Amino acid sequence: MNRKQFEKENQSRWEELSRILHQLDEGQSPVDADKLPSLFRQVCNDLALAQYRMYGIRLCDRLNQLVIAGYKHVYHTVNASFETFLHYFAVEFPRNVRREWRLFILALLLFWAPFGALILSAYVNPQWLQAVLAPESMEMVEGMYGKGERSQIEYVRDRFGSNFAMFGFYIFNNVRIAFITFAGGILCGLGTMFFLLFNGTFIGAVFGYVHFAGDTEKLYTFVAGHSAFELTGIILAGVAGLRLGLSIIKSTRFSRKHALAKGAREAVGILYGAATLIILAAFIEGFWSPQPFDPSLKYAVGIFFWVLLALYLFLAGHRRHSHET
Amino acid sequence: MKIDTLQTVELAEGVEIRLPMAGPAARSLAWLIDILIIAGSILILILFTTLLGVFADSGIATGIYMIGSFFIYWFYFVFFENGKHGATPGKRTLGLRVVQTSGTPITFTQAIIRNFIRAIDSLPFYLIGLTACTSTRRFQRLGDLAANTVVIYTKSEHRPSLPPHEDLKALPPPVPLTREEQLAIVTFTERAALWSDERKIELANHLAPLTGATGPAAVDRLFSIGRWLQKSS
Chain A
1 MNRKQFEKEN QSRWEELSRI LHQLDEGQSP VDADKLPSLF RQVCNDLALA QYRMYGIRLC
61 DRLNQLVIAG YKHVYHTVNA SFETFLHYFA VEFPRNVRRE WRLFILALLL FWAPFGALIL
121 SAYVNPQWLQ AVLAPESMEM VEGMYGKGER SQIEYVRDRF GSNFAMFGFY IFNNVRIAFI
181 TFAGGILCGL GTMFFLLFNG TFIGAVFGYV HFAGDTEKLY TFVAGHSAFE LTGIILAGVA
241 GLRLGLSIIK STRFSRKHAL AKGAREAVGI LYGAATLIIL AAFIEGFWSP QPFDPSLKYA
301 VGIFFWVLLA LYLFLAGHRR HSHET
Chain B
326 MKIDTLQTVE LAEGVEIRLP MAGPAARSLA WLIDILIIAG SILILILFTT LLGVFADSGI
386 ATGIYMIGSF FIYWFYFVFF ENGKHGATPG KRTLGLRVVQ TSGTPITFTQ AIIRNFIRAI
446 DSLPFYLIGL TACTSTRRFQ RLGDLAANTV VIYTKSEHRP SLPPHEDLKA LPPPVPLTRE
506 EQLAIVTFTE RAALWSDERK IELANHLAPL TGATGPAAVD RLFSIGRWLQ KSS
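Protein chains in written order, with this note's numbering: chain A, 1 to 325; chain B, 326 to 558.
Keep in mind that the hints were calculated from the coordinates and are not lab data.
Computed from a predicted structure; not experimentally measured.
One or more hints might be untrue.
[To be verified] Not the full set, but computed from the structure, chain A residues with beta-carbon under 10 Å of chain B:
1) 58
2) 80
3) 167
4) 265
[Said to hold, decoys possible] Cut-off 27 Å, straight-line C-alpha distance, at most; resulting in silico cross-link-like pairs (DSS-like, lysine-lysine):
5) B:556 / A:72
6) A:262 / B:494
7) A:4 / A:35
8) A:250 / A:72
9) B:409 / A:8
10) B:480 / A:8
11) A:262 / A:250
12) A:4 / B:409
By construction, the Cβ of each residue, glycine as well, lies at the ideal position given by its N, Cα and C atoms.
Using the sequences and the accompanying hints, generate a full structural model.
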């Protein structure tokens with residue numbers, strides 16, 4: 001059989017597949033969509049034959065295109081449903097976090113070590129604080145948490161306008177920090193480590209400066225409510241980045257390429273949760289934290305969220321019969 | 326030896342498809358279009374929120390601006406690449422598409438991975454991404470490597486349909502040829518119209534032991550053999 005005969009004999013099949021695929025691409029639902037799988041397999045067969053019999057580039061290209069176009073419909077992935085969403089938060093996310101407990105401790109140390117050191121330096125050697133904070137930052141910190149009568153919320157309102165504007169800013173800034181902390185993991189984890197240390201240092205310096213020159217009650221009543229979700233969210237974004245980086249360095253029994261792809265999937269399994277926690281924190285920080293309630297109530301709410309989050313991460317998603325490894 | 330950018334992928338159907346990989350040049354152009362669209366959308370957002378700020382509540386306007394620009398910046402690529410076409414408007418304009426290395430459409434998670442790591446790839450002036458892109462077999466930047474994705478052309482390049490040298494006689498090759506050799510000659514006859522005469526001669530001269538000729542005669546002789554091979558198969 002030569003090429004012309006081959007083309008003539010199979011032309012109608014190719015055109016039919018082509019038409020169905022075109023309709024699917026356009027978002028219509030062709031009546032004979034159920035023929036797609038068998039047509040697709042026949043055309044695969046045609047392509048294999050055409051390649052073997054050397055029917056030429058033109059025909060092979062045409063069939064190649066047809067198979068690629070069909071492949072994407074036959075094997076298209078189903079997008080996440082509401083159930084997978086629920087399952088993720090009820091089971092997978094806390095499990096993923098527990099699986100990475102070693103990296104969690106590492107991220108915790110990377111963030112809290114500079115944080116603690118800078119609070120300490122408020123009492124020992126405040127020059128460190130000046131080394132980290134620019135004069136404008138110190139001014140801003142004094143405005144927010146200074147010793148004056150003016151409440152910090154008035155200062156923030158002056159700067160941002162309203163609770164909603166602040167909420168927007170927290171989303172814009174904090175979630176971005178989480179995403180970049182994750183992305184930095186691709187540099188063998190170094191980027192992530194840098195951002196964790198950097199944020200620990202900067203936030204530590206702000207807290208240290210308040211200890212040194214400000215009103216700590218103003219600070220702690222403000223941050224109490226959202227601290228659990230925000231700090232844990234940042235640290236978990238760090239865990240995601242470290243997982244990404246570690247998968248490159250320590251590829252175990254996989255090729256480095258496969259280890260990276262696998263590590264990235266695992267890392268994102270933590271990043272989604274981390275980002276959700278930070279968005280939650282942004283809500284609280286925007287709408288609850290600025291409320292002028294009694295300090296004891298604000299501390300109580302803060303402790304409540306810490307306990308809630310700890311219980312969730314430690315206890316959720318345990319299964320008696322585990323099918324997965 | 327590989328002389329083109331086609332990547333062969335074997336499907337479960339037992340057939341091999343060839344994915345035409347897109348290189349850094351086409352992808353940079355697509356990115357340029359996308360970044361213009363992003364800049365345009367941010368501009369519209371600024372206009373809208375400024376008006377809102379003047380005529381309504383400025384706090385709400387600031388908040389909307391912050392959240393809007395956050396989503397545009399982080400999710401523009403994710404949204405479009407996870408969509409039906411698997412491509413941002415820039416990529417579509419250039420005829421590109423993001424797929425898994427196996428040729429299937431990418432998942433939401435893959436879109437997230439490859440586009441969040443863009444934050445690193447784009448440092449400094451996309452140098453990291455470009456370096457990774459040019460030093461991997463499938464032109465993958467770091468985000469692609471982590472997400473296990475590639476960027477391909479959706480349409481194969483336009484090939485001129487050739488009048489298959491009807492005036493030439495089909496001649497059998499003087500010695501039996503292997504499949505690869507036959508394929509090389511058939512491909513030569515089909516692609517010849519894309520090249521200058523000098524290039525054709527240059528290539529045909531390599532086969533002087535087979536054709537027993539050099540110069541234009543060698544080209545004609547190869548065409549004849551090619552015709553015979555296509556007819557006989």
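Agreement of residue 262 of chain A and residue 494 of chain B with the hint, judged by alpha carbon distance not exceeding 27 Å: Distance of about 57 Å is beyond 27 Å: violated.
Given the hint that residue 409 of chain B pairs with residue 8 of chain A, does the C-alpha gap stay at or below 27 Å? Violated. Residue 409 of chain B to residue 8 of chain A sits at ~33 Å, over the 27 Å cutoff.
Would the pair residue 556 of chain B and residue 72 of chain A pass a check requiring their Cα atoms to be no farther apart than 27 Å? violated, 34 Å
Hint validation: residue 265 of chain A versus chain B, beta carbon distance must be below 10 Å. Holds or violated? With a minimum Cβ separation of about 7 Å from chain B (threshold 10 Å), the hint on residue 265 of chain A holds.
Closest C-beta approach of residue 58 of chain A to chain B relative to 10 Å, hint status: holds, 6 Å
Check the hint pairing residue 4 of chain A with residue 35 of chain A against an upper bound of 27 Å on the C-alpha distance. holds, 26 Å
Interface hint for residue 167 of chain A, Cβ within 10 Å of any Cβ on chain B: Result: holds, 6 Å to nearest chain B Cβ.
So, residue 80 of chain A near chain B? Judge it on the closest CB pair being under 10 Å. holds, 7 Å
Take a quick look at whether residue 262 of chain A and residue 250 of chain A sit within 27 Å of each other, Cα to Cα. holds, 12 Å
Are the Cα atoms of residue 480 of chain B and residue 8 of chain A separated by 27 Å or less? holds, 23 Å
What's the verdict on residue 250 of chain A and residue 72 of chain A, does the C-alpha distance respect the 27 Å limit or exceed it? Violated, because 34 Å separates the two Cα atoms, which is more than 27 Å.
Measure nothing beyond the straight line between the CA atoms of residue 4 of chain A and residue 409 of chain B; if it is 27 Å or shorter, mark the hint as holding. With Cα atoms ~35 Å apart, residue 4 of chain A and residue 409 of chain B exceed 27 Å; violated.
Of the numbered hints listed earlier, those contradicted by the structure are 5, 6, 8, 9 and 12.
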